[in-house]
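Undergrad: Going by full-length UniProt numbering, the letters in the sequence shown line up with residues 1 to 462, in that order.
Calculated from the structure, these hints are not laboratory results. Virtual Cβ for every residue (Gly too), placed ideally from N, Cα, C. One or more hints might be untrue.
Restricting the straight-line Cα-Cα distance to at most 25 Å, the calculated cross-link-like pairs of lysine to any residue (SDA-like) are [stated by the list, open to error]:
| hint | residue 1 | residue 2 |
| --- | --- | --- |
| 1 | Lys277 | Glu329 |
| 2 | Lys42 | Gly278 |
| 3 | Lys128 | Gln385 |
| 4 | Lys42 | Trp219 |
| 5 | Lys151 | Asn295 |
| 6 | Lys233 | Arg321 |
| 7 | Lys151 | Ala46 |
| 8 | Lys99 | Leu354 |
| 9 | Lys341 | Pro255 |
| 10 | Lys99 | Lys233 |
| 11 | Lys69 | Cys10 |
| 12 | Lys42 | Pro145 |
| 13 | Lys151 | Arg347 |
| 14 | Lys99 | Trp326 |
| 15 | Lys181 | Lys233 |
| 16 | Lys181 | Asn105 |
| 17 | Lys233 | Gln385 |
| 18 | Lys42 | Ala256 |
| 19 | Lys378 | Leu354 |
| 20 | Lys69 | Lys151 |
| 21 | Lys181 | Ile57 |
| 22 | Lys151 | Asn197 |
| 23 | Lys128 | Thr194 |
| 24 | Lys69 | Arg183 |
| 25 | Lys181 | Asp61 |
| 26 | Lys99 | Asp268 |
Pair by pair, the computed Cβ-Cβ distance ranges are [what the hints assert, rightly or not]:
| hint | residue 1 | residue 2 | range |
| --- | --- | --- | --- |
| 27 | Pro248 | Ala214 | 31 to 39 Å |
| 28 | Ala214 | Thr250 | 23 to 31 Å |
| 29 | Gln404 | Ser276 | 42 to 50 Å |
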Amino acid sequence: MLQRDHNADCGIAADAGFQAQLDFAGAGAMSPPRPWEAIDFKLQPAQYMQAVLQSAITDNDPIQWQLGKHPVNGWVHAPWMAQDRDPFNGLTFERQSLKFELHPNQTQGHTNYAVGIYNAIAARAFAKMWADPADPSTVDFAMEPGAVAVKLLFSTAPDAEVPYLKGSISVDVCDDHVQRKARLAQVDIAVRDTDANSLTGWLFGTFIYSSDTATTFSWSDVHPFTLQWGNDKDVWPTGLHIPPDAFPATAAALPALSESWYDPFYRDRLWAWRVSKGVTPWTGLFGRSNGPIDNPVSSCLSCHNTAADFGHGSDELPFTRPAPAWVAEVLAGTAPRPELKSYFETRGADVPILQGTLALDYSLQAMKGILNFRAWAKCRGDNVQGDIAPYTGPKPKDLVAGSQECERFLQASGDVFADTLAPPPDDNSVMSSEAPPGDLMDDLVFGGRDTQLPMDQRSARE
1 MLQRDHNADC GIAADAGFQA QLDFAGAGAM SPPRPWEAID FKLQPAQYMQ AVLQSAITDN
61 DPIQWQLGKH PVNGWVHAPW MAQDRDPFNG LTFERQSLKF ELHPNQTQGH TNYAVGIYNA
121 IAARAFAKMW ADPADPSTVD FAMEPGAVAV KLLFSTAPDA EVPYLKGSIS VDVCDDHVQR
181 KARLAQVDIA VRDTDANSLT GWLFGTFIYS SDTATTFSWS DVHPFTLQWG NDKDVWPTGL
241 HIPPDAFPAT AAALPALSES WYDPFYRDRL WAWRVSKGVT PWTGLFGRSN GPIDNPVSSC
301 LSCHNTAADF GHGSDELPFT RPAPAWVAEV LAGTAPRPEL KSYFETRGAD VPILQGTLAL
361 DYSLQAMKGI LNFRAWAKCR GDNVQGDIAP YTGPKPKDLV AGSQECERFL QASGDVFADT
421 LAPPPDDNSV MSSEAPPGDL MDDLVFGGRD TQLPMDQRSA RE
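The task is simple: from the sequences and hints, build the whole structure.
TA: Dropping the structure here:
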């Protein structure tokens, strides 16, 4: 994982760069009908996705998506995200695209970064969770229908290697103390919709930027790529007997999926490019929904369904993610391992991936925030009790106050409080000013810098 410590690393003053929006005073309901809810996502997936994205564009494009500097219509960032937000635009390390995953012209892998935002309905769940900033509660964490999350993903790949990124939005990113350029390559959405309640209650979608000729950015060049509302948990290509070095020429060779949709043009174009270079052609496991930047051994829903409160602040989560060897077994004709099938179960929003944990409604940022908070408190020697006993499965790495790892964690976080955790604000409000906590997690989730307490509470303790 790339570690970034402070805004000064790339020569930018702390008050001149990215500012998180964590004032939840605007959290509330968006009165139905919400435009996308009038569209059948199974019959018109692209139109559904466009309606969701347009709601975010209408609010955030005029302010260049800088919510912290220009609050608009209740859109927020998630609380207690990583200390590794870059100082320019709040981007965090997302994933390394391997050679040829994006285009046959690639000569090397390229780094990707992301920043996510939530609408006013989704903000209500975070406001409830962090109502007491010194004692956050994960009990019954749930987002209401109409909740929307939008994630902008940027790639450092140049035009010569990925020509279809010509004309895309270009931003600065501080990558391990070095200022680089990255361009918008992918936009992800997540939508809480009652029409999806029979499966997960969520829809996850991905748009891709693609224009070989554009010189200036236009949202018309951001195209629906895929949409997912279930994991097709019983669909496995065990009868194909595909050699690991001989992928099928087209996606049609795989079993049909009923809970994922792709735009056939963009899927088949990328599939052909990857096959020509011997790279895994699907973006999500065996054709499940995922974007070009994402891990092909996963899917949108399978990744987010790991969001849970495990009762501790360790960066080592107590479950094993799918391994390439497990995928090779299925391609060779072996039935999928139970561990692999479990990862792709279709779970309700309140069903955790492991018994003895609390589900966090498919929100990886909620999970990451609570992990960061507890790790920070434990490293300081504070006794913070969660809503659930620590998970008793495979023992996670323990953080010990005074250890070298904790010292690094706290140094990067900034020591917000003098000796003990502050009491909650009198008005029971949530955080509204920034202070960077730490992060020890890997690229499972995206996130960034955020806050602990309102400034008037913090100043007396600094």
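Undergrad: Given the hint that Lys42 pairs with Trp219, does the C-alpha gap stay at or below 25 Å?
TA: OK: Lys42 and Trp219 at ~23 Å, within 25 Å.
Undergrad: Go ahead and decide if the range 31 to 39 Å is satisfied by the Cβ distance of Pro248 to Ala214.
TA: holds (32 Å)
Undergrad: Hey, Lys181 versus Lys233, does the alpha-carbon distance stay inside 25 Å?
TA: With a Cα-Cα distance of about 39 Å, the restraint between Lys181 and Lys233 is violated, given a limit of 25 Å.
Undergrad: Within a Cα-Cα threshold of 25 Å, do Lys99 and Asp268 meet the stated pairing?
TA: Roughly 19 Å separates the two Cα atoms, so the pair holds.
Undergrad: Just to be careful, I want the Cα atoms of Lys233 and Gln385 compared with a cutoff of 25 Å; is the pair within it?
TA: violated (36 Å)
Undergrad: Check the hint pairing Lys42 with Ala256 against an upper bound of 25 Å on the C-alpha distance.
TA: Roughly 15 Å separates the two Cα atoms, so the pair holds.
Undergrad: Going straight from one Cα to the other, do Lys151 and Arg347 come out at no more than 25 Å?
TA: Distance ~23 Å between Lys151 and Arg347 Cα, so the pair holds.
Undergrad: Regarding the pair Lys69 and Cys10, is the alpha-carbon distance no greater than 25 Å?
TA: Given pair Lys69, Cys10 holds - Cα atoms ~20 Å apart, limit 25 Å.
Undergrad: Assess, step by step, whether the Cα of Lys99 is no farther than 25 Å from the Cα of Trp326, and give holds or violated.
TA: Holds, at roughly 22 Å.
Undergrad: CA of Lys151 to CA of Ala46, is that 25 Å or under?
TA: holds (17 Å)
Undergrad: Is it true that the CA of Lys42 sits at most 25 Å from the CA of Pro145?
TA: holds (18 Å)
Undergrad: Under the criterion that the straight-line Cα-Cα distance not exceed 25 Å, is the pair Lys277, Glu329 satisfied?
TA: At roughly 22 Å apart (the allowed maximum being 25 Å), Glu329 and Lys277 satisfy the hint.
When held up to the earlier numbered hints, the structure conflicts with 2, 8, 10, 15, 17 and fits the remainder.
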